[in-house]
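Trainee: These are the residues of each chain, in order.
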Amino acid sequence: MADNANMTVEPAEAKLESPISIRMKLMWRAFKENWKIFSQSKIGMIGLYIVVIFAVAGFIVYPILAATVWKTTSLNAMVSYNPVTGYDFLQNNPAAPSWAHLLGTDPLGRDVLAQLLYSTPREFMLGIVAALITVIIGTLIGTVAAYFGGALDTFFMRLADIVLLFPFIPFLIVISGMMEVDLLTLALIIGLLSGFGGITIVLRSQGLIIKSRPFIESAKVSGASDAYIIVNHIIPNVMPLSFLYMMFNVTGAIFSEAVLSFFGLLNIKMSWGLMIYTADTAGYIIGSNIWNYWWLWLPSGASITLLCGAFYFIGRGLDEVVNPRLRKR
Amino acid sequence: MKRFLSLVLVGIVVVGILAFAGGTANYALLSDVTTLNIWSMLGPNATAWNFYPALGKYGSLYSMSDLTYQVVPALADGFWSPLEKVTEDGTTMYVTTVKLLKGVTWSDGTPFTADDVVFSYEVPFKLQMPGNWMSNIPPDLFVKVVKVDDYTVKFYITHPSGNFIYSILMSVIVQKKFWEPVYEAALSQKDPAQYMMSYDNNLLSEPSIGGFTVSQWQKGAYLLDKAIPNYTFKGQQEIEYANGAVQYVIPSLNQDNTYYGTAEGTVNNKFVTGPYVDSIIYRIYQNQTAAVSALLKGEVDYILNPNGLQKGFVQQLQTNPNVKIVENPSLGFQYISFNMRRYPMSLKPFRVAIAYLIDRDLLANKILGGNTNPLSSLVPPGNKFWYDPDLKAYGEGMTTIERYQAAIKTLKDAGFSWLIEPKIQNGQLVQRGQGLIGPDGKLVKQITMMAPSAGYDPIRSTAALWVEKWANDIGIPLYADLTSFNNIVDAVFNQNFNFDMYILGWGITIYPDYIYEFFSSDQNVPGGFNAPGYSNPDFEKVAKAFLDSTDMNVARQYAFKAEEYLNADVPYIVLFAPTVIEGYRADKISFAYTKCLDGIQSGYSGYGEPTYVQVIQ
Amino acid sequence: MLKYIGNRILQIAILLVIYVAIVFFMLHAMPGGIKTLLISNPKLTPQAQESIIRAFGLNQPLWLQFVDYMKNVFTLNLGISFSYYPTPVWNIIAERLPRTVLLFTVATLIAFFVGFASGKSLAWNRGKTTEYVSTVVGIITYTIFTPLLIFVVIWFFGSFLGIFPLNQFLNPDLWIHTRLNAQVIFLYILMTMLIIGAVMLISYIMALRFSHKVMTRKMIFYLSTVISVVFSVFFWWVSPVGIYAADILWHMVLPVMTVTIISYAGNMLVMRDSMLETIKEDFITTARAKGLPDKVVRDKHAARTAMLPVVTNFVLSLGFVVSGGVITESLFSWPGMGMTLLDSTLAKDYPLAAGALIFTGIFVLIAHLVVDIVYAFLDPRIRY
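Protein chains in written order, with my numbering: chain Z, 1268 to 1596; chain F, 2 to 618; chain B, 32 to 415.
Take the hints with a grain of salt, since some may be wrong.
[Stated by the list, open to error] Cut-off 25 Å, straight-line C-alpha distance, at most; resulting in silico cross-link-like pairs (SDA-like, lysine to any residue):
no., chain 1, residue 1, chain 2, residue 2
1, B, Lys34, Z, Ala1418
2, Z, Lys1309, B, Thr166
3, F, Lys312, Z, Pro1364
4, F, Lys220, B, Ile220
5, Z, Lys1536, F, Lys177
6, F, Lys177, F, Thr111
7, F, Lys220, B, Ala378
8, Z, Lys1536, F, Asn255
9, F, Lys470, Z, Val1351
10, F, Lys470, Z, Ser1347
11, F, Lys220, B, Ile389
12, Z, Lys1536, F, Thr111
13, Z, Lys1536, F, Leu364
14, F, Lys220, B, Thr166
15, Z, Lys1309, B, Thr160
16, B, Lys102, F, Gln190
17, Z, Lys1536, F, Asn366
18, F, Lys312, Z, Leu1407
19, F, Lys220, B, Met224
[Said to hold, decoys possible] Here are some chain B residues pointing at chain Z (derived, C-beta under 8 Å):
no., residue
20, Leu46
21, Val48
22, Ile49
23, Tyr50
24, Val168
25, Thr172
26, Thr174
27, Trp186
28, Leu192
29, Val357
30, Leu372
31, Leu373
32, Thr376
33, Leu377
34, Lys379
35, Thr391
[Stated by the list, open to error] Cβ-Cβ distance ranges computed for the label pairs, FRET-style:
no., chain 1, residue 1, chain 2, residue 2, range
36, B, Leu41, F, Glu123, 53 to 63 Å
37, F, Asn497, B, Arg210, 51 to 61 Å
38, B, Met224, Z, Val1498, 52 to 62 Å
39, F, Gly299, Z, Leu1455, 42 to 52 Å
40, B, Val215, Z, Leu1451, 44 to 54 Å
Keep in mind that the hints were calculated from the coordinates and are not lab data. By construction, the Cβ of each residue, glycine as well, lies at the ideal position given by its N, Cα and C atoms.
Given these sequences and hints, build the entire structure.
Mentor: Quick look at the structure:
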C-alpha cells in the first residue's frame, strides 16, 4: 500500500543540501494536496466559513464601523456606541433591536452589536494565543522526549500525568479567584496548563513513530546533529498533528473564557461570556424575560457556540487529512 | 377608665387575631447557613444568611423601635441610670445600673435573670471573641458587668460614649444554663474561644428567648423555624405617637411604659407582636434566578437578600399580579475617596474641583437609568434622626457646563494652570483642557482612580468612567483603573494606602459612629479606616464630642458639625445610596410595614418581620 | 500484577504531593487574602482583626504553614474553612460530595451508554445522511455554550411545561415532617448503586468461570443484574424512607438530563472514531466476507475492540464527576462540589477552595489507577 500520507518524503541527501526554495515548493505542493482533501470534508469547510465570517466581522467590519458610523461626534451626545462605556439616553434600556441599535441595547444602554463585534477579535486572539502556546510547548517537549528517550522522556511523561490531573475548569476558577486574570493572562495560563498535558503524550507517540522511520537513520548516518534532525525532520512530520490539536485547543480556550466570564470571575471589560453574565445578574434570563429580552443572551451565546464549533469542525476536517485511515474509501 | 376599656378592646382583638393565626410562611435564602452557633455567628461567621433564620432566638437589653429607630428597653426594665464616675483601685470608671424585666422566660421555661446577662458579656469579653463580639463589647470601653441581684446589673465602662448605648447595651444575650457547661469545658482547652465557636452538639435544642427557634436544618436545602407558644412578648403592643413618644404594652408581664414623651395625640403606628405563623421555612437557593422563579411559582412567599432585586427580576415579577414590589433606601453609601497624603489630592481646591465636576443626579437618574439614588452626605436621608437636610454638596443644582466652569475657576484661583486651557463658549465646551500644571509650576502626573470592574458592579464602574471623562474634559489627568474588589481593598488597606483615589462602598449603621471612625487620626494608621488620611483637629474635637455624648440630641448637634467639616473638605465624595428592592407574594403573606430603611430584610426590621408576618388564609 | 499496582500507588502518592504543593503555593502567592474579607466591616476594631488573624494562623512563616498543610492533607485534615469557621473543610466536602457523586455518576453512566450505542451505529452507517445529521446534532450539543442550553431547558420545563422541579435537591414540604438527614439518604442511594455494580461485576466473573457458552454467560449476567435491580427497587418501595429517596431522584431528573445532553456526544464521537479505525482492520473485512450478518459483525467484532479507548474515556471522565460541572450545579441550585468550588472562590475561602481542588485531584488520580488496571485486564498485550 502506497504511503500517500507523507508528502514531504524525499531522498535524505537531497534534503540535506537543498536550498530554501525547493523546501518552499514542496511545502506548497503538500499544502495544495492537503487542501484538496480538506475541502472534501463538508464539516471542515463549514467550520472554515464560519471562522472567516467571524474574522472579517471582528477585524475588518468593526474597526470600520467604530471609525465611521459609531464614532461619537460631540461631547454631549445622547447616544454612544462604545461597547464598554456606551449609553443611550433616548431609550429605556435594555431596548429591543431597532434601526439605531441593530441588536438592541443591554441593561446599561450599550449597543449589543458593538459589544459583539468588539469582543470577536479578542476571542480570536485569546483562542489562538492559548492554542499556539500549547502547541509550541507540546511539540517541543513531545519531540524532544520522543527523540532522546530515557530519563527525559519519563520525566515529561510523568509531568504530563500531573498536568492531566488538574481538573481544568475548577483550576481556572480557583486561579481567577486569587489573582487578576485578564485575557492575556488567561491565554498564558490555558496555554501553559494544556501545553504540558495530553498533547505532549500524543505528540510524543507520533514522534516515536517518526523516529523509527528509515530516513532518520540515514540522516544520522550522514552526520546530521540531533537538533537538526529534530527541527528539520521530526517536527515537520509532527506538525500536522500539532496543527490539528491546535484547533481543539482554540475551542477549549474560548469555551473556558466564556465559562469564567459567565461567573464574573475574570477582569476583562467586555467579552461574550460577560454579556451573558450581565444579562443573568440583572435578571433578564428568567421566565418570560428570556424570550422578551432574547438579544441580551442569544447573540453572544450563539457566537460562542458557533466559533467554538467552527474550530472544532475545522479540527474534524483536518482529522481526515492527518489521519488517512479515517478517510472514506 | 377609657384607656382601660380601649386596652381591653385591643386585647380582645389581639387574642382574636392570634387565635385565627397559623400556617407556614416560606422565605428564600440565596446561600446556605454556615453555622447555628451564636458565638461563631457573631464572630468570624457573621453573614446575613446566618442572621436571618437564627438571630431572632436571642435578645438584648435594649433595642430600637420599629421605624423610628429610637433606643428603647427590650429585656431591660426602663432606661439605665445616669452614668456616675467611680474610682476603684486607682482606675476611674463610669458605672450605671440597669434593671431587668421580671417574668421573662426562655423557651424551656427557665426564667431570664441577671445571670444570663453577666454570662453573655463576660464570656465573649474574657475569651476575646473576634468579630461582632469585640466591636459590641469593645475592650477600650467595657470594663465589667456585675450582678447586683437577680434582676439588677451594674455596667462599668471607661468613659461615656454613645457606643455604650448602641454597642454594649444592644449586645446579644444568651442563656447561661445551656452554655455554662460548654464554657467550663472550653476553659480547659488550649483555645477556649475556638472551642466555644466550634461547639456543634445540640444547637437545635438551644432555648430561645425570641418568638421562634430553629427546629430543623437540612443542610443545603432548608431551615425550619418553629414558633414558640410561650413567647413572653407575644401580644406586645408597640404604639408610636406623632409627638415622638413610643409606648410598649406587654400583657403577659403587666407592663405599660411610654418613652420619649406622653402617650397622647395622633397615633402614627401600632404594631402587635406575634408570632402569627406556626413556622417559617427558609428555603435555600443558590442564585437569584432560582429564587425569583420560586417566588413566581409560589414556592416561596418572600426573598431575603441584603442587596435587593435587580431591574430585570423586578420586571419579571411585575408580570405576576400577586407579587408586590417594595422599594426602600438601603443603609449604606458608595463614595470616592482621595488619598490626601499624596499630591495634588492633598490640595483642597483640587478635591473641590473634582467634587464640582460630579453630577450625581445625571449619573444616577439618566446614565444609570434610575438604578440607584444620588447621595451627597455620609448619612442617608432614610436615617431621619441623623440626617442633616441643610448640607449642600458642591455643584448641587448646576448643569454640566456650570460645573465645568466652577471647577475651572476653583483650580485657577488656587494657582493651577494648563498647557492648553479648557475653553467654554456659548454654553459649550469648545476646547478640552490638556496638561494640568500645579501651583508649583510643575506638570501634574497621571492620577489613578481604582474602581470596581464592570463585571463586579456596573454602577460604580460606569460612574468611574464618567468621572474620568469629566476630569479629562477640563484637563485633569485622571485615569479610571477598573479592577477587582480585592485589588482595591488590598492596595488601600494592606499596602498602607497605596492609592491616589478609589471608589468603594460601605454598609453602615443607624448610629453613625463611622463619622468619627472613617476620619479620625487614630485610624490613620496602616490598615486603619482613615483611608483618605484626613487630619483636622477641629473636626476631631467635634467628632469626639459626638461619640462621647450619651444624650443623643446633644450628640446629633456635634455630628452635624462634624459633617459640615467633611462636606467642606471633601476627603470623601459620596456618590450614591443604593435602593433595596424586594418582592413578596401579597396573596400569601402580609407584613406589618413595608416602608422601612434598608428594607424588610434588615436587622432593624427583625430580619424579615418574623413576628409580624401573617399568612393569608 | 500486584507489584504493578503497588508501583502505581507509590507513583500516585508522589504526584499527589507535588499537586498539593502547587495548590498551596498558588494560594499564598496571590494578592488579597483573608485580611480583605475582614476590612469591609467598619465595626471591626484593629484588635478584632488581630484576633481573627491569630485564629486563622496567618502570622506563621510561610514554610511552616506549608509543612503543616502537607501533613494534614494526608490525614484528610484539609484545614478550617474561612467562611464556615470553625467547621473543618473536610466536613463540608464530606457533606457535599455525595450529592455531586450521585448526580454525575448517574449522568455519566447514561451519557456513556447513549454515546456508546449511538457512536456504534453512527460509525457503521458511515456516509449516509443519518450519520451526517446525527454527527451534526451531536457536535452542536457538544459545543453549545452550556449555560445557554440550561437556560432553555429550565425555561422549557419550568415556565412552559412546569413539570420537573427546577432547583434544590429536595422538597422541604415533604421533609419537614421527618428527622432524617438528607446526606444519609444520598449515601444509601449510592450504596445501593454500588451493590448493584458489585453484583454485576461478580456475576460477570462467575459467568466467565462457569460456562464457555456465550448464551449462558449472557443469561447469568443479565439475570443477576435484573434481579438485584428489582430487589433494590422493592426494598426502597416498602421502606419508610423510600419516598424521600424518590424525592431526591425526582429532583435529579433535569440536571441529569442536561448533563447527558451535553456529554453524550463526547462519548459518541470517540466511539465512532474508534469504530472507524477498527472497521478498517482486516479482521472485520474477513468477518463480512464470511457472510456474518452486519449486526453481529458490528457488535461482536468491531465494537468490542473499539471499546478500549471509550472505556478509557469513560473512566477518565468519571474523575471529572467531582469537579461537578460547576455550571450545572450552580444553575440548578444543586449544592455539590462544583458549587462549593465556585462559592469558596468567590468568597475568598482559600482553605475550602484548595480542599475542593485537591479532592478533585485525588479522585482523578484514583480514576487513573483504575484505568491502568482495567486496561491491563482488557488488553492482553499489556502484562506487567
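Trainee: Tell me if the interface restraint on Thr376 (chain B) is satisfied: Cβ within less than 8 Å of some Cβ in chain Z.
Mentor: holds, 3 Å
Trainee: For the hint on Ile49 (chain B), does the least C-beta distance to chain Z fall short of 8 Å?
Mentor: With a minimum Cβ separation of about 6 Å from chain Z (threshold 8 Å), the hint on Ile49 (chain B) holds.
Trainee: For the pair supplied as a hint, Lys220 (chain F) and Ile389 (chain B), confirm whether the alpha-carbon distance does not exceed 25 Å.
Mentor: Satisfied, since the Cα-Cα distance of roughly 23 Å is no more than 25 Å.
Trainee: Using 8 Å as the Cβ threshold, decide whether Thr172 (chain B) counts as touching chain Z.
Mentor: Because about 10 Å separates Thr172 (chain B) from the closest Cβ in chain Z, which is outside the 8 Å limit, the hint is violated.
Trainee: Would you check the hint for Lys177 (chain F) and Thr111 (chain F), treating anything up to 25 Å between C-alpha atoms as holding?
Mentor: Holds, because 10 Å separates the two Cα atoms, which is no more than 25 Å.
Trainee: In this structure, is the beta-carbon distance linking Val215 (chain B) and Leu1451 (chain Z) contained in 44 to 54 Å?
Mentor: For Val215 (chain B) and Leu1451 (chain Z) the Cβ distance comes to about 48 Å; the hint holds.
Trainee: Is the hinted pair Lys470 (chain F) and Ser1347 (chain Z) satisfied, with a Cα-Cα distance of at most 25 Å?
Mentor: holds, 13 Å
Trainee: Classify the hint on Lys379 (chain B) as holds or violated, based on whether any CB of chain Z lies nearer than 8 Å to its CB.
Mentor: holds, 7 Å
Trainee: Do the Cβ positions of Gly299 (chain F) and Leu1455 (chain Z) conform to the proposed distance bound of 42 to 52 Å?
Mentor: Because 49 Å falls inside the window, the suggested range holds.
Trainee: Given the hinted pair Lys220 (chain F) and Ile220 (chain B), is their Cα-Cα distance within 25 Å?
Mentor: Holds: Lys220 (chain F) and Ile220 (chain B) sit about 18 Å apart, inside 25 Å.
Trainee: Leu192 (chain B) was flagged as interface toward chain Z. Is the shortest Cβ-Cβ separation under 8 Å?
Mentor: This interface hint is violated because 13 Å lies over the 8 Å limit.
Trainee: Keeping to a limit of 25 Å between CA atoms, is the pair of Lys220 (chain F) and Ala378 (chain B) held or broken?
Mentor: holds, 19 Å
The structure fails to meet hints 5, 8, 12, 14, 18, 21, 24, 25 and 28 from the earlier list, while all remaining hints are met.
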